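**Q** Sequence:
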Amino acid sequence: MRLFRSAALLAVVALAVVGPAGAAQADQEDSGRPGFVEYQGFPVSYFEYGPDGDAPTVMMTGDWPGDSSLMVPIAEQLAANGFHVVRWDMHGAGRTSHDRRPGAYSMENLAGELGAVMDQTAPGRRVHIFGDGWGPFIGSQYNTMYPGRIASMSVIGFPSADLAGNALRRVPREKPELTGQWAAQVAVLSYLAGIEIPVLPDAAVRTGIPVQMLSVVASLMAPEMPGGGLHTNVDDDADGLERYRQAMWPHLTEPQYDYIDIPVLQVFYPTDDFLETPVLIDGLESRTPHLDLRYVPGNHFSVLSGDNTRQILDAAMESMRAAD
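With mature numbering (1 follows the signal peptide of the UniProt record, and there is no 0) applied, the sequence shown corresponds to residues -23 to -1, 1 to 301, in that order.
What the hints contain is simulated information worked out from the structure, not anything from laboratory work. Predicted model, so just to flag it, every value in this text is computed and none were measured. It cannot be assumed that every hint is accurate.
Here are the simulated distance ranges between beta carbons [to be verified]: (1) E85 to V176: 24 to 32 Å; (2) G157 to P100: 46 to 54 Å; (3) V163 to G30: 45 to 53 Å; (4) R298 to P79: 39 to 47 Å; (5) D29 to Q158: 40 to 48 Å; (6) R77 to D7: 24 to 32 Å; (7) P79 to L252: 40 to 48 Å; (8) E6 to M190: 23 to 31 Å; (9) F251 to G283: 14 to 22 Å; (10) R10 to V163: 38 to 46 Å; (11) T156 to A32: 46 to 54 Å; (12) L169 to R77: 15 to 23 Å.
Quick reminder that beta carbons are idealized off the backbone N, C-alpha and C, glycines included.
Could you put the whole structure together from the sequences, leaning on the hints where they help?
**A** This is the structure we're talking about:
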């Protein structure tokens, strides 16, 4: 781990000294109806699409970098098919609060914000979670804290930091044949140790250079990315690092649960993803009541683009309607 920290530190320093630059931007139309709800006295921003009332409700958010606006095309496609879609911004993203009170970026607080948005937009009703990364992570945490509210989750990649952390603990003991894959995955995750360094990662991200480089890589690996590229600003990107410090790292290294008790867990796993290998979902079929696991061609950036988008959305909509 010390070696990983040193490598991550060198990478961040290299990015920090290149020079200032603006993050990638892309303009697009958004038909979402904006709204706010308070959680513990702080605002949480959301946008609604499609019908409300008794229509099945789908919750989605963004990832890192940026806010949830990259999901606008997906939200609008689901809404056009009769779903009530709620796109919310996590703590530190978009117009949601960026305050840094103790625990503001913890997984528990992120789940509380999701619950507040659910209560505002779908009071008393079960909902579905769709997306990759933080949306499912937060949804899994919410379901652990308040079971029964989530009817299904349709996930690109691994669904839970806690379950991934437990898988990384089990594999060396129980499946030595996966040791090579395990070692590669641990090496990739070393970037989390680099983020734990105080001040320097934030300063590097505020130059805009790391995200600009990431946007170039994403565009090359996924030219048909929905929304046309990454939508970011340096405040969202820098503040978003706190989610990795307060939420991802603690739950990955000290998991709190090892079961997702959601009626339907649908997982679309990319076949060519060097950032998230199958070791992160090893044993998942025994840790949820009904797993629908599908492998999808593509890499970390391209899995939800091009022809994959329609295939994933069709399968997700079928699953949501069946579970509603």
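**Q** Please go over all the hints and tell whether each is borne out by the structure.
**A** Tested hints:
1. Take E85 and V176: their Cβ atoms lie about 25 Å apart, and the range 24 to 32 Å holds.
2. Take G157 and P100: their Cβ atoms lie about 49 Å apart, and the range 46 to 54 Å holds.
3. Our hint of 45 to 53 Å for V163 and G30 holds, since their Cβ atoms are close to 47 Å apart.
4. Taken as a hint, the range 39 to 47 Å holds for the pair R298 and P79, whose Cβ atoms sit roughly 41 Å apart.
5. At about 44 Å, the beta-carbon gap between D29 and Q158 stays in the expected band of 40 to 48 Å.
6. The supplied range of 24 to 32 Å is met by R77 and D7, whose beta-carbon atoms lie about 28 Å from each other.
7. The supplied range of 40 to 48 Å is broken by P79 and L252, whose beta-carbon atoms lie about 30 Å from each other.
8. Here the CB-CB span from E6 to M190 is close to 28 Å, well matched to the stated 23 to 31 Å.
9. The hinted window of 14 to 22 Å between F251 and G283 holds, with their beta carbons roughly 19 Å apart.
10. For the pair R10 and V163, the beta carbons lie near 43 Å from each other, so the given range of 38 to 46 Å is met.
11. Separated by about 47 Å at the C-beta atoms, T156 and A32 satisfy the suggested range of 46 to 54 Å.
12. About 19 Å separates the C-beta atoms of L169 and R77, a value consistent with the hinted range of 15 to 23 Å.
Going through the hint list in order, the structure does not satisfy hint 7, though it satisfies all others.
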